[in-house]
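Build the full structure now, drawing on both the sequences and the hints.
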Amino acid sequence: MNIGKPNLTMPQGTNVSQNQQEATNSPKKYLPSGTESASNKAAEKTFSERKIESPPSAQTDSITKLVMDKYELSPDTRVFRMCDKKFLDLNNMRAHGNPTPESTQVRDFYNMVEDPVTKGYIEHCKRNNISAPEPRLISGKTFADKLAPCLNVSVEPAVDYYVEGMVLFSFRLGDALDIGARIYPDETSVAQLTTPLIITIPTDKTVPIQLEDIDISPEDP
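Heads up, the sequence shown is in this note's numbering, so the first residue is 2 and it goes up one at a time.
Source of the hints: derived by calculation from the structure; they are not laboratory data. Do not take every clue at face value.
[Claimed, not checked] The calculated lysine to aspartate or glutamate pairs, modelled on EDC-like cross-linking and capped at a C-alpha distance of 20 Å, are:
id	residue 1	residue 2
1	Lys142	Glu124
2	Lys142	Glu103
3	Lys206	Asp176
[Claimed, not checked] What follows is a set of in silico ranges between Cβ atoms, one per label pair, in the way DEER data are often shown:
id	residue 1	residue 2	range
4	Leu212	His125	20 to 28 Å
5	Ile139	Glu73	30 to 38 Å
6	Asp70	Pro209	18 to 26 Å
For each residue, glycine too, the CB sits at the ideal point set by N, CA and C.
Right under this line is the structure:
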């Protein structure tokens, strides 16, 4: 079965409010499995090379902007999660963070560390009076259960994990950023084709959601 990737590109001349209304009114269907993945083109940079552009909104700090650029995300990117509907506030169409997530290892760009390989070479250069390169920063690592409350989401709907009784919902990344969310790439997940992310949600906050239709029809012969 093939997965339908959400179309985030608006036709020329389309009014934003009209597009949002059409997106709300039009049913969406997503199929299991995917063949596309977000490109991680941006390489880790040295201290002097890390030129951070202005964030896309006042609520997005420079490190979050770096992560968004690296994983080709924008405030309008919709992220998806499948869960039992009992964990959602369907009366108000809101979701809160999971206070007890699995202990998934994630990349932590908010706590950069010095690349140990470069660090060792710098020490070698200093011992031998050789001109040393500048220290190089790389992302640290942490675990999702230390970031709770949070939501394990993906840029592509991971409906291969569908279990009867679950619902698929999505939310706009910018809505989460506006309430203080942070983004942690989950590069240990087996579902890398869906671009899995851990999104933190402050304890006293919720994010607006919309339900998505799930098409679990069998593959065509």
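We went through each hint and held it up to the structure:
1. Lys142 - Glu124: Distance of about 24 Å is beyond 20 Å: violated.
2. Lys142 - Glu103: 15 Å, holds
3. Lys206 - Asp176: Holds. Lys206 to Asp176 sits at ~11 Å (cutoff 20 Å).
4. Leu212 - His125: 20 to 28 Å: Because 57 Å falls outside the window, the suggested range is violated.
5. Ile139 - Glu73: 30 to 38 Å: At 20 Å between Cβs, range violated.
6. Asp70 - Pro209: 18 to 26 Å: 25 Å, holds
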